[in-house]
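Protein chains: 2
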Amino acid sequence: MQEVNEVMLKSAEAFKQYRKVSGKQKATFLRAIAEEIEALGMDLIRTAMQETNLPEGRLVGERGRTTFQLKTFADLLEEGSWVEARIDTADLHRQPIPKVDLRKMLVPIGTVAVFGASNFPFAYSTAGGDTASALAAGCPVVVKGHPAHARTSAMVAEAILKAAQRTGMPDGVFAHLDSGDGFEVGKALVMHPETKAVGFTGSFTGGKALFDMANQRKEPIPVFSEMGSINPVVLMPEKLSQDAENVALIYANSITLGVGQFCTNPGLIIGIEGESLEKFIDVLSEEIEKVTPSTMLNAGIYKNYEGKKTITLAQDHVITEAISKVEKTAEIQGTATIASVKADTFLKNPTLNQEVFGPFSLIVKCQDITQLTEVLEHLEGQLTATLMATESELGANPEVVDTLRNISGRLNFNNVPTGVEVCFAMQHGGPFPASTDGRFTSVGPDAIKRFVRPASYQSFPDSLLPDELKQSNPLNIWRMVDNVFVK
Amino acid sequence: MQEVNEVMLKSAEAFKQYRKVSGKQKATFLRAIAEEIEALGMDLIRTAMQETNLPEGRLVGERGRTTFQLKTFADLLEEGSWVEARIDTADLHRQPIPKVDLRKMLVPIGTVAVFGASNFPFAYSTAGGDTASALAAGCPVVVKGHPAHARTSAMVAEAILKAAQRTGMPDGVFAHLDSGDGFEVGKALVMHPETKAVGFTGSFTGGKALFDMANQRKEPIPVFSEMGSINPVVLMPEKLSQDAENVALIYANSITLGVGQFCTNPGLIIGIEGESLEKFIDVLSEEIEKVTPSTMLNAGIYKNYEGKKTITLAQDHVITEAISKVEKTAEIQGTATIASVKADTFLKNPTLNQEVFGPFSLIVKCQDITQLTEVLEHLEGQLTATLMATESELGANPEVVDTLRNISGRLNFNNVPTGVEVCFAMQHGGPFPASTDGRFTSVGPDAIKRFVRPASYQSFPDSLLPDELKQSNPLNIWRMVDNVFVK
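Chains as they are written, first to last, in the working numbering: chain A, 1 to 487; chain B, 1 to 487.
Do not take every clue at face value.
Chain copies aren't distinguished; within one or between two, either way the pair holds.
[Unchecked claim] Here are the simulated lysine-lysine pairs, DSSO-like style, with alpha carbons at most 30 Å apart:
#1 K208 <-> K449
#2 K303 <-> K218
#3 K470 <-> K99
#4 K208 <-> K218
#5 K24 <-> K487
#6 K348 <-> K187
#7 K449 <-> K470
#8 K187 <-> K218
#9 K279 <-> K325
#10 K279 <-> K342
#11 K162 <-> K16
#12 K348 <-> K16
#13 K449 <-> K20
#14 K24 <-> K162
#15 K449 <-> K71
#16 K24 <-> K449
Hints are computed from structural coordinates only; laboratory data are not their basis.
Isolated chain A (complex conformation) (with noise of 0.2 Å):
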C-alpha cells in the first residue's frame, strides 16, 4: 500500500499548515467546493445517474443537499462560536491558592479517512457530510471512493481538489483514493498511524469491520459508522382508529421512497391487533401491490434485498401480506413487499430485527400496549423511532414514549422516518447498531464535532493565544467567561 502510505503522510504535512487556517479562510474553502460541483453541472448528474440508477430529480436534489451542506458548515465558521470556547480568568487572590488563567476550545484531531454510501453518491460520499464537516473542523480528509459510483467520486474529487488549489490551501488537504483494491486500501487506510478518525455510511458488516480494525490499532482511534437501522414504526389504538386508511397512505409512500433505499426506511411497523390494523394493513396491502418496480442501486444491493427478504419471509410464522402485482420490466428492480408476524414470534426470532434494505417492512402484532412496551424494549438501538398516535395517547402512555426515546437517535410523531433535515435539531446517530458511536450525529452541523477535541491554554500570553480565546474578543463569538455565556 505504497500509495495510501504516500497520501498519509502528505496529509499529515497538510495538517500541520491546515490547523492554523483560521475559520473565515476555511469557509471560502467550503463554498468554493459547493461552486465547483455546481460548476460540473449536469455532467455530474448524468454520470451519477448512469452508474446508480438513481432518477435525474433525485440526484439533482442531492447535489443540492451536497452544497446545501457545505455552505451550512461555512456559515459555522463565518458565525464562529461553535469551538465552544471557555474563559475562566485567574484570581490572585483565591485561598488556599491562587486561581490559574485557563482557556479552553475544540481543535482538529488531524487526519480522517472517508468512506462514502452507495446510496447517496453526493450527500453522504465523496464531498458529503463526512468531508465537508472534517475539512470544517480543520482536518485534512482522504476519501475511498466507492466502487458503486467511482466516475462520479473521482469527479467530485476534482472539483474540491481545484477548489482547494483555488483558495490557497495546503496541499495535501485533501485526497481521493480509486476504489480499485477495496478491502486492502481501506484497510491500509485505517490501519495508518496518521489517520485520525473515520467516517463511514453503509453495512452493518462494513461499518462494525472498519470499527474493529480501528479498535485494533497501536493507537486506537474513534470510528463513525452510520450502519442503519429498521426504524420502528409505533401504529397507537386511537390514532389508528381515527385514521387506519390515511396512514396506510402515508407509509405505503414511505416505505417504497427510493426503492426503500434510505438508512430511515420504515422497517418494522408495530401495532395491536384488532380491527383498525386489520383495516391499516389491507389498505397498504393494497397500495404496495400497486407499487411499479423501479431498478436498485446495483446488482449487490437488489441481491442483498432478495436474500435478505427471503430469509425474513422463510421465518416461522411470518405472513406474507402483499407483493407488488405489477411486472418487472429490469433484472434488478426491487420488489415492493410487506409481511406481518404476531409479537411472540418477534420477541423469540432474532432473524426479525435485521435490515432488509429495500422497499419491505415488517408489521408486528401485539396482543396489546404491555406486550407492545416489551417489543419496543426488546428491541436494538435505532436512527429514528415514530410514533403515530393522538396526542392523548401519547400523554397516557409515557412508557412507550420514553422507550422509544432511549433506543433511538430522533423520535418522530406523526410523520414518516423518512427525510433528514439538515439542521442544528438534527441527531442523526443512534445507539448501537445503528452507529458505532451514537454520541455524535452526521448530519447537521454538530457533525463536526466528530472530529476535534477540547484542548486547553494555562497562563497563555494574550497576544499568543488564538484569536477565539483572546481577551477581547476579537472574532466577536458566545463564548463562556467565568461560568456565564457571553459575547
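Given chain A, put chain B in place with the hints provided.
Below, chain B alone, put in the same frame as chain A:
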C-alpha cells in the same frame, strides 16, 4: 458473577426512573452527597490516612475538592443550559418541501461503571469526578471499590446511598461492589449488557485492558480511561538564561510533590545543551538530593516506581544526575531521582518514553531548536505539556507551541503541570495513550458530556416535550433557536 448481574439489573430499572428526574432534583441529590461526605468528619480522613499513607492536610484538601466537584455539577444542573438544546422551528412555506419542527437535547446513556484511582481516594474515586458527572448526566453508577482504599470507598458509598434515600432517588441509582475479586468483578461489570460506559483512572495496562474488553462486547461501549502521561516540560533557552535557578527550584517541588504520585507529574524535561541547562541541572540536583523520602500509596506503587526507575536508569547513555541523600525511615518510601539523556538516544529508545510513576524526571538534552522540535514531534499523547519560555521566544517559535498543543490536552505557560483546576476551561484528558478518548475531559463541568448523547424530537406536541425544549423555555436556559443563541 451473580452479584454483578443483580446489581446491574437493579441499576437498569433505576435508569428508567432516574433519566426522568429533573435537573433541580439531581442537583439536590449531588448536594446531599457532599453533605453526607462532610458529615463523616475525621473518621473518613483517618480511615483514608491508614489506607493510603497520604497526610491529613492533603486528604482534607482532597475531600474539599470532591465536595466542590459535586456542588459544581449541582450548579450546572440548576443553571440547565448544559443540555445543548437546539430548536429548529417548522417552516410550512419552505420550498420545495415544508420544514418540520425539530428539537434536540443531550440525554443520559445508561449505567456507568466507575473504577477509582489509587492516588486520589476521594476526588477520583467512589464519589469522585466520574461518579459526580455520571449522576449529574442522569446515569446510575456502579463503583468497583479500589482495593487500596476499600474501607474508605465503602464509607463514601454509604454516604452516597444515604443521600440517594434522603432525596428520594430511585433504588439502585448507585451501587458499590467490594473489590474482593478484583479482576473478575471488574470484567463482569464491563461486559454486562446493562453497562453503557466506563470511567477509569489508573495505569495504562489497566485502562487499556478495560477499553479492549468493552470493544469486544456485542454492543461496544465508550471507555474513558485516564491513564497518565509523562507531561513534557520544554525549557526554552532565553528563559533559562534569565532564570535557570528559579525554574529549577519550582520543578524540584513539582517533581516531588505528593511523592510524585500525580498523573500530571513532570516526568520529562526537554532543553537545549549549554551553560544554562547545566546550571538548571545543577540547582535541580542539589534540591533533589535534599528531598526527604516519603511513604508511597502502597507497596505495589512503590515496587512499580523502583522497578521502572531502575529500568530507565539502566538504559544505555542514561546518566543519573541526582538521588536524594536523605535516609529512608520506612521500606516503601520513594526516593526522588533525576537523570539525563541526549536527544539522539531518547529518539531511538522507546523505553525512555514510558511513565515512571513517582518522584522521578528525565532531562533530554537537545543540540538545537530543530532537534528539540523533532523530540516533541516524536512524543505520544499527553495530559499536559509545559513551556518555560519568555514571551518573545514563544512568539518566535510558533512550531514549538503548535506541536505541543497538538499532542497534549492542556498547554501550560511558565508554570508547573501539577495542580488541576476544577473549572469549565479545564481539559484533563489528552490524545492516546494519555487517555483512551482525548475528545473528553474527566475534570470540570464538561466531564458530564462523556455520559450523554443527543436525542431529537420531531414534530412533537409542545406539552409532551421535555421542559428544556418547550417553546416557552420554562427553565430559562440558553438555547440555539433557528441558528441563534437565545435565552
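Hint check:
{"no.": "1", "hint": "K208 <-> K449", "in the structure": "both (21 Å within a copy, 24 Å between copies)"}
{"no.": "2", "hint": "K303 <-> K218", "in the structure": "between (37 Å within a copy, 27 Å between copies)"}
{"no.": "3", "hint": "K470 <-> K99", "in the structure": "within (18 Å within a copy, 38 Å between copies)"}
{"no.": "4", "hint": "K208 <-> K218", "in the structure": "both (18 Å within a copy, 11 Å between copies)"}
{"no.": "5", "hint": "K24 <-> K487", "in the structure": "both (18 Å within a copy, 27 Å between copies)"}
{"no.": "6", "hint": "K348 <-> K187", "in the structure": "between (36 Å within a copy, 28 Å between copies)"}
{"no.": "7", "hint": "K449 <-> K470", "in the structure": "both (22 Å within a copy, 25 Å between copies)"}
{"no.": "8", "hint": "K187 <-> K218", "in the structure": "both (14 Å within a copy, 22 Å between copies)"}
{"no.": "9", "hint": "K279 <-> K325", "in the structure": "within (20 Å within a copy, 90 Å between copies)"}
{"no.": "10", "hint": "K279 <-> K342", "in the structure": "within (16 Å within a copy, 82 Å between copies)"}
{"no.": "11", "hint": "K162 <-> K16", "in the structure": "within (21 Å within a copy, 52 Å between copies)"}
{"no.": "12", "hint": "K348 <-> K16", "in the structure": "between (54 Å within a copy, 24 Å between copies)"}
{"no.": "13", "hint": "K449 <-> K20", "in the structure": "both (18 Å within a copy, 26 Å between copies)"}
{"no.": "14", "hint": "K24 <-> K162", "in the structure": "within (18 Å within a copy, 53 Å between copies)"}
{"no.": "15", "hint": "K449 <-> K71", "in the structure": "both (17 Å within a copy, 28 Å between copies)"}
{"no.": "16", "hint": "K24 <-> K449", "in the structure": "both (18 Å within a copy, 28 Å between copies)"}
The structure agrees with every numbered hint stated previously.
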